[in-house]
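Participant: If you read the sequences in order, they're chains S and V. Its first residue numbered 16, the first sequence is counted upward by one per residue in this note's numbering. Its first residue numbered 404, the second sequence is counted upward by one per residue in this note's numbering.
The set of hints was computed from the structure by calculation and includes no laboratory data. If you're wondering where the values come from, they're calculated on a predicted model, not measured in any experiment. Yeah, the Cβ is synthetic: ideal placement off N, Cα and C, and Gly gets one too. Be a bit skeptical, because a hint or two may be false.
[As the list claims (entries may be wrong)] If we take Cβ atoms under 10 Å as the criterion, some of the chain V residues that face chain S in the derived model are:
id	residue
1	K414
2	K422
3	G425
4	C577
5	G618
6	G626
7	I641
[What the hints assert, rightly or not] In the DSSO-like style, the derived pairs of lysine-lysine whose C-alpha atoms are separated by at most 30 Å in a straight line are:
id	chain 1	residue 1	chain 2	residue 2
8	V	K555	S	K113
9	S	K113	V	K414
10	V	K555	S	K210
11	V	K616	V	K519
12	V	K513	V	K419
13	V	K555	S	K208
14	V	K417	S	K113
15	V	K519	S	K113
16	V	K414	V	K513
17	V	K519	V	K414
18	S	K97	V	K555
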Amino acid sequence: MNWKHYFTTSIGKKLVMGFTGLFLIVFLVVHCYLNSMIFVSREAFNAAADFMATCVAMRILEVGLFAGIFLHIIQGFMLVRKNASTRGERYAVSAGNKTSAWYSRSMGLLGTLIFLFLILHINHFWVPSRITGGLNPTEVHGVEMHDLYQKMIDIFQTPWVVAVYLLGVFSLAWHLIHGFYSAFQTMGLTMPKYKALIRIVGIIFSIVICLLFALMPVSMFMGWVS
Amino acid sequence: MEHYTMNLTLKIWKQKNCKERGRFETYQVKNISSEMSFLEMFDVLNEQLIAEGKEPIAFDHDCREGICGMCSMYINGRAHGPWHQTTTCQLHMREYKDGDTIVVEPWRAKAFPVLKDLVVDRTAFDRIIQAGGYISVNTGNAVDANAIPINKQDADESFAAAACIGCGACVAACPNASAMLYVSAKVSQLALLTQGHPERKSRALNMVAQMDKEGFGSCTNIGACEAECPKGISLENIARLNREYIGAVFSGSEEKG
Ligand code: SF4
Ligand code: FES
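In isolation and in its complexed conformation, chain V is listed as follows:
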């Protein structure tokens, strides 16, 4: 692909902290290479702001290779930008042309309060995991990996669900700000495996209870989450979570403490 450079107008959400109201600020960046990643373009902008004695823009990032799920940005109305199954760090500037205007917002959900600029607090996800997204095993020697046979299809589906990186794009993209895709992936990866069975009922009940407590919306099967998920987590997981939940409810299981 031909290399080119571009000048861009950026409208970026600036917000001092979770209490104050934010607003958009407009910035110009010049000579951006088409081979840069979206975050590298942000690095250029921040260098420029620091050189001008201004405050750089706060944004989350860590691995920059699409596996940590930190780089939350809502770009021109799309979670992680317009590329299919791609995180912001893997979005490249060849998507844009000279003269484009790009609007960048943080994930917007009450359960993900903005900490600063584009950085949001996603610890609600951690609390959902703490509510039941684990298996209880005794410590000691590692068990032989093949001690419990697991059928190939279940293992594959569990693995696909385990690909969720907890980025929160599903919540950001959902018109209801629902966390069902995330919770369904975390419930599925365990529910499909023998090791996850002893706690499957309390897990489904507790994780859904925590999800509701955190203030996420209720899933109405719109499907924007699946369309925007960078890891291709499927709506089938939501159907599975619903089955797990119904199974737990109708068998009269109780939530734990």
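In isolation and in its complexed conformation, chain S is listed as follows:
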């Protein structure tokens, strides 16, 4: 077993999906926590965003994050492609939802929707704050920084943008409900003792985190936060 096996054997590929998936889940927790500062105050959110943008450790982790997303997408794509080729002639009648859940069979589709959303999302916030600039300056406790909060308010005034974000988050929720459990199963950690717990924690986690994410564009659009 050498290193290339991680990318070529069926279980090796899945391990890469599981490890990167769990890493992305940890990122989601941090992302969601920091963004929830918008419900606290403009200053709290801007300070949190500034910390992420200036702290060296965070910038290094950010490179890891992009690498993780990239690996997850490439491996996911390879998996879907391989698995689409193993059946041959299709069944005329299929079991549909009688033997499995639709979202567990649709990870590729859900992942693609999330990916499309990500392109828009990165373009909205990451690109201007890290590369092109052009954000209004603001001052928090005497430190000058980007007013990312204002950027959010501006972006979430457009109804279709809010709709696309909601669709992205909706896809993410279903992707996570299967992905969370699936990562543990692939790592062999779903012993009978923990299986039910992992399933339940996964479902609650997916719903809570995605509801919080969904609330952000909605609150800004409706003017619940200002």
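Knowing the structure of chain S, use the given hints to seat chain V with the ligands on it.
Facilitator: Just chain V with the ligands, lined up with the frame of chain S:
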């Protein structure tokens, strides 16, 4: 249960051999008893076809009591039909009513090429066993059964995994045509027992390598296999196979020749 008879329309996959393309043919059968098994209904149909001078439908079967795993049929979208933990030979016609239409297809997976009609070639499973689904012991006198103590829970779990009859329903039902449930049962039954320990690492690596070589898909933990397995083989076995595999990989074991 009340006995009744029924007339049915059957749409059955006909395919001459592994090279030619198959197609559905429609047949009518009359006066089928609700007490017949699904395969007995097929016997009636084949008798009828022979009497008409037509070619009977080829299908696999052997024990007709749910233990050999030969009777592969994909019935109205379900491996072995709609009954839970039941092989096709144990499915009975009381499931159906007069006038029903039943679509019967072979297992569909590239690794299980259709030989004729509903008969598929499952020797890929045999090659996976040859790759490591055994223990190497010296021949000679049989060893005393109680010479090696084995904990009851392990023995029970091993026994449950050993219930796999190699029918291939898991592959047929899996949207990825993955053989993970089968391979996990075969790895588990040995990995749980002391006798299986010396070769556990090379076994996991070799059997997974052979599984991939045969062209089965990659498991994405959908769970249709467990839902359709006639022997109730649990997904816990797949988690165990993953553990065995990870243990072998991270300890740097190599596949054998
Ligand atoms: S695991 Fe179940 S479905 Fe798969 S071959 Fe064994 S008995 Fe058949
Ligand atoms: S014929 Fe043996 S299991 Fe059905």
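Participant: Hint by hint, which ones does this structure get wrong, listed from lowest number up?
Facilitator: 2, 8 and 18
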